Amino acid sequence: MWPRSLLAEHPQVRRWIGISILLGLFAAGILVAWTILLAGVINDGFIKEQTLSGVLPTLILMAALLLLRALCIWLAENSSQLASGLLRRKVRSDSLAHLIAVGPAGLSAERTAELTSTLGQGIDSLDAYVSRFLPSAALAVMVPAGVFVTIGILDPWTTLILLFTGPMLILLLAVIGSRTRSLTQRRFEELGWLSSFYLDMIQGLATLKAFGRAEEGAEMVEQVSRRYGEATMDVLRTAFQTSLMMEWAATAATALVAVQISFRLIRGDLSFDLALAVLMLTPEFFAPLRRLAIEYHAGQEGNAALERITELNALPAQTRSVTTKGQESSSLGFSSLELSTLELNTVGFTYAESESPALEQVSFVIEQGQTVALIGPSGAGKSTLAKLLMQFMQPDQGQILINGQPAQNLQPSDWRRIISWVPQQPAFFAGTVAQNIALGRPDASIEQIHQAARVASAQEFIEALPDGFNTLLGENGLRLSGGQRQRLAIARAAIMDTPVVLLDEFTAHLDEDTEAQVVAAMSALMQDRTAVVIAHRAATIASAQRVITLDGGRVIQGQL
Amino acid sequence: MSSTRRVIRSVGGYRWWVAVTALLSFVTLGAGIGLLAMSAFLISKSALVDTTITLALIILGVRVFATTRAVSRYAERYVGHLGTFRILTRIRIWFFRGIEPHAPAVLMQHRSGDLLTRILADIDTLQDLYLRVLVPPVAAALAVGLGCILLAGFSPWLGIALFVFVCLCGVVIPLSMHRLTLSSSASLVQEQANLNATLVEGITGIADLIAFGREDLLLGRSEHITAAQQPARKQLAQARGIAAGLTALLVGLAALTVLGFGVSLLRDGSLEGVYLAILPLVVIATFEAVGPLSAAYEHLGRSRAAATRLVELVDTPASVVKPSASEKLTLSRNTSAGHTMVDLTVTDLSFRYAEGEPLILQQASVQIPAGSFAVITGPSGSGKSTLCNLLLRFWEYSQGSIQLNECELNRLGLDEARSVVALVAQHDHLFDTTLRDNLLLGDSRAEDERLLEACDAVCLGDWVRALPAGLDERAGENGNRLSGGERQRVMIARALLTEAPILILDEATEHLDEEMQLDVLRGILKWRSGLTTIMITHEAPNISGIDLRLQCSKGTLREI
Chain A
1 MWPRSLLAEH PQVRRWIGIS ILLGLFAAGI LVAWTILLAG VINDGFIKEQ
51 TLSGVLPTLI LMAALLLLRA LCIWLAENSS QLASGLLRRK VRSDSLAHLI
101 AVGPAGLSAE RTAELTSTLG QGIDSLDAYV SRFLPSAALA VMVPAGVFVT
151 IGILDPWTTL ILLFTGPMLI LLLAVIGSRT RSLTQRRFEE LGWLSSFYLD
201 MIQGLATLKA FGRAEEGAEM VEQVSRRYGE ATMDVLRTAF QTSLMMEWAA
251 TAATALVAVQ ISFRLIRGDL SFDLALAVLM LTPEFFAPLR RLAIEYHAGQ
301 EGNAALERIT ELNALPAQTR SVTTKGQESS SLGFSSLELS TLELNTVGFT
351 YAESESPALE QVSFVIEQGQ TVALIGPSGA GKSTLAKLLM QFMQPDQGQI
401 LINGQPAQNL QPSDWRRIIS WVPQQPAFFA GTVAQNIALG RPDASIEQIH
451 QAARVASAQE FIEALPDGFN TLLGENGLRL SGGQRQRLAI ARAAIMDTPV
501 VLLDEFTAHL DEDTEAQVVA AMSALMQDRT AVVIAHRAAT IASAQRVITL
551 DGGRVIQGQL
Chain B
561 MSSTRRVIRS VGGYRWWVAV TALLSFVTLG AGIGLLAMSA FLISKSALVD
611 TTITLALIIL GVRVFATTRA VSRYAERYVG HLGTFRILTR IRIWFFRGIE
661 PHAPAVLMQH RSGDLLTRIL ADIDTLQDLY LRVLVPPVAA ALAVGLGCIL
711 LAGFSPWLGI ALFVFVCLCG VVIPLSMHRL TLSSSASLVQ EQANLNATLV
761 EGITGIADLI AFGREDLLLG RSEHITAAQQ PARKQLAQAR GIAAGLTALL
811 VGLAALTVLG FGVSLLRDGS LEGVYLAILP LVVIATFEAV GPLSAAYEHL
861 GRSRAAATRL VELVDTPASV VKPSASEKLT LSRNTSAGHT MVDLTVTDLS
911 FRYAEGEPLI LQQASVQIPA GSFAVITGPS GSGKSTLCNL LLRFWEYSQG
961 SIQLNECELN RLGLDEARSV VALVAQHDHL FDTTLRDNLL LGDSRAEDER
1011 LLEACDAVCL GDWVRALPAG LDERAGENGN RLSGGERQRV MIARALLTEA
1061 PILILDEATE HLDEEMQLDV LRGILKWRSG LTTIMITHEA PNISGIDLRL
1111 QCSKGTLREI
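Protein chains in written order, with our numbering: chain A, 1 to 560; chain B, 561 to 1120.
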């Protein structure tokens, strides 16, 4: 089971949980002793008719025990928090690092909001799992056992009742637990679905409004929210039923013990102080089990999240991204960024969900400084080729070669010094315009940033923004038009100063004036450099020295 | 008015339900008090070998209390959660309706992951407000009343002693902890939103991050946020530990105090020995009601922070002023050949997005008669898209006028204004559902045949028919399963279905190659013959039938 291996991987977490359980056990032990003392004091007052001063020493001892118990409870809470804090950080970092390694191609079938809720709330729900469920589960076995032995010493007959009801409750818990398991799983999936739905609604709210359909959006929000509520209630109903059974069985057993003891008291088989102690200890036998029934739900939620995280961690890594530090050393000795050839050698790629290959036997060589246009109808394999060139995925067949060396042998950080990318739909990140231009070069000087903006003919419009280069840019790119976004993306690539640039339909949004400017600026920049342009428009193709035509995943024209 | 109260009042309907839940909770707690008191009384009576008829009655009482307790706990939880989920759904609808007027003007300033957190996690947090903040004090007040009255029946001093301890535990601890942890709770809620925003942004832009070697924007930032949550979580755990420890301590001390009192009352002769055991047990049972109060502070803090985040967004001043009922005009609709004819007249329109920002539109004037095909060209940033935003009433204009059939646009109802103008813009959203559902947004009553006709008009019909699932094919997140060109054409088909008197295509065909662009345009014009179509583009298409050519530059429009 996953949770167990999870704990095995994190000995520190295990240690803190162990300490928390130990403290819990200690607190339970104190409570048992305190309860027996309490019965003793009542016996002293009631049967032995002692005065207050007679019982005072015991009362003071009991107060001291309480203080000790409070200390245990406080420390136990702290150590389980330490455990869950460690685990949460570790699991989140590991899963995110893995997602990055899986990359955009591998994640294309996943939903952003679902991943977000798994990595956010999902991992946070490990908190309850680790800090509450795990200790409760351990204590639910140990404490009843301890109480059972204590009662056995005080009054063996009563243990018969406990012997009968205790295991029954554990069995009950296990049976119902297996029933709620699938329900909890479903609810967790529902949560992911719900997140995706709301994100979709939020991002599309303006569109809904434009079509005058916002009211229907509100109705859908209601439906979806209700459905989620029902899925949660399904889980909770079962959890409450478990509690009901536990509660009922525990109180019934307590009542049975009370009645049984009272009859034996009347017959004089049992002394009052023992009887009272047993009566008061009996609820403590059931208390940890009842607590476990309450925490069970939290535990299963954490479990569902863990299963989803395990699933994500099983996705194959497709990129070769830098997720660990210390990989900076160059494997090819790229001291200067020289490139003589970029070659594709019989490259083939087939998507997992598809039968026919997206690329087949694609071979061509691009010499240094060439501008090559890749054209072809949609579905021809242009974007697959782009993903391979960016190393978002690796070819099934053949190789991409740099200066005659396989690209796989290069460190990912070297690859980024070779190729930069102007995507069709660039994403921007919270930060200033300057920070977004300097995305790949966070240490770039203001001069370099301005220079990059000039190259992309973006300087004019950036300076017209409220705060110029320091204007904050949201994830949606503020109010930038398509052309402006595109030019920012060009500036972002220009600052990288790489020997190869991959442009994905980059002139699609530019007006003729700007397009001419950009093409001019780019060709100036591309002097002695290599550009691969995935293009539709004649203007770009015109400036290309070579045109490679793709169709049905094969090069049909322009192959060397 | 505090934000929690504001949210509660806005959705209403909670009072009866809080009352019912609290009452059921009180029955549970009362039965607990009764059960322990009865059991103790039973044992004590038996110790005196008192075999009167009362013993059978007491045994019956024990059984009744045991069953009542189990059943009422189940009912309390069931009713409580069911009601909460209903209320949460109402809050979601209230929130959705509340933010709807703010799309896109205000919402675009927020990261979508943050908005997602508000509608999902923040509203879920409010669940605790009802179940763990509002209900427990009511139930506890009733149960404490019962416990104190029971003890006061033996001696007023016993009742007072219990009351003092209860106040310490149920009022002083929660209030001081609330004050202590308020900022931690608030920061935790905020950090959760930051985390989700980072995750949504980073996962959406994962390709860009990897391509530019900035995985740290996702990995590093979320590690940073997780670490930043740590002190707040620690402080909360600390407070939780202290509260739990102190509560356990106070329960015990209260029991000891009452017992000590009882012993001295016994010696005075003002208490019968048989009742002594009842005293500490009633105290312990009463405190069962007080325990949850010491945790309520944490939930109150979080609920407050969550509610504040909801209210803050809903209460943002609306970006567009709705006309009051008396000022509201209705558009005069002239129909010709089954079409609604709307003349568009813009006069001296000036606009800036915010104070201090440059004017985007400067006294722009244009007249577009009904049924014409107008093409507006101009460099990016010249104000073309801003004009669309004003026509769709996403932003308010105050200088100049926009008239539809001589009726001022801002005196029309928002829905009516939007039913006249349809827009296809680059940032439009495709929903993560089937193609059919996306198309139905244009006309909810359209049959499949009609939808396919609209697709045919944009040269997409054959593609849709060839899809394995046809119209049931999913579009993916924001249409990411479609190519750029397919996405744009689906959006155009959707807008065609509205048959709106005015359709604006804002750079809507830029992803298509020239031949396709002309075919699509011909299809659009044929579909919309007799209706106004305005095309905003960088480059006027080489097509016949353009009635009006306009040039947009630096915020002004002029006919060419």
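Derived by calculation from the structure, the hints in this document are not laboratory data. From a predicted model like this one, the values you see are computed outputs, not experimental measurements. Don't be surprised by glycine CBs; every beta carbon is placed ideally from N, CA and C. Do not rely on the hints blindly, as some may be mistaken.
[As the list claims (entries may be wrong)] A partial selection of chain A residues facing chain B, derived with a Cβ cut-off under 10 angstroms:
# : residue
1 : Met-201
2 : Arg-264
3 : Thr-346
| query | Against chain B, with CB atoms and a cut of 10 angstroms, does the hint on Met-201 (chain A) hold up? | reply | holds, 8 angstroms
| query | Can we keep the Arg-264 (chain A) interface hint, with Cβ of chain B closer than 10 angstroms? | reply | holds, 8 angstroms
| Does Thr-346 (chain A) pass the interface check with chain B, least Cβ-Cβ distance below 10 angstroms? | Constraint on Thr-346 (chain A) not satisfied, violated at 25 angstroms.
Checked against the numbered hints given earlier, this structure breaks only hint 3.
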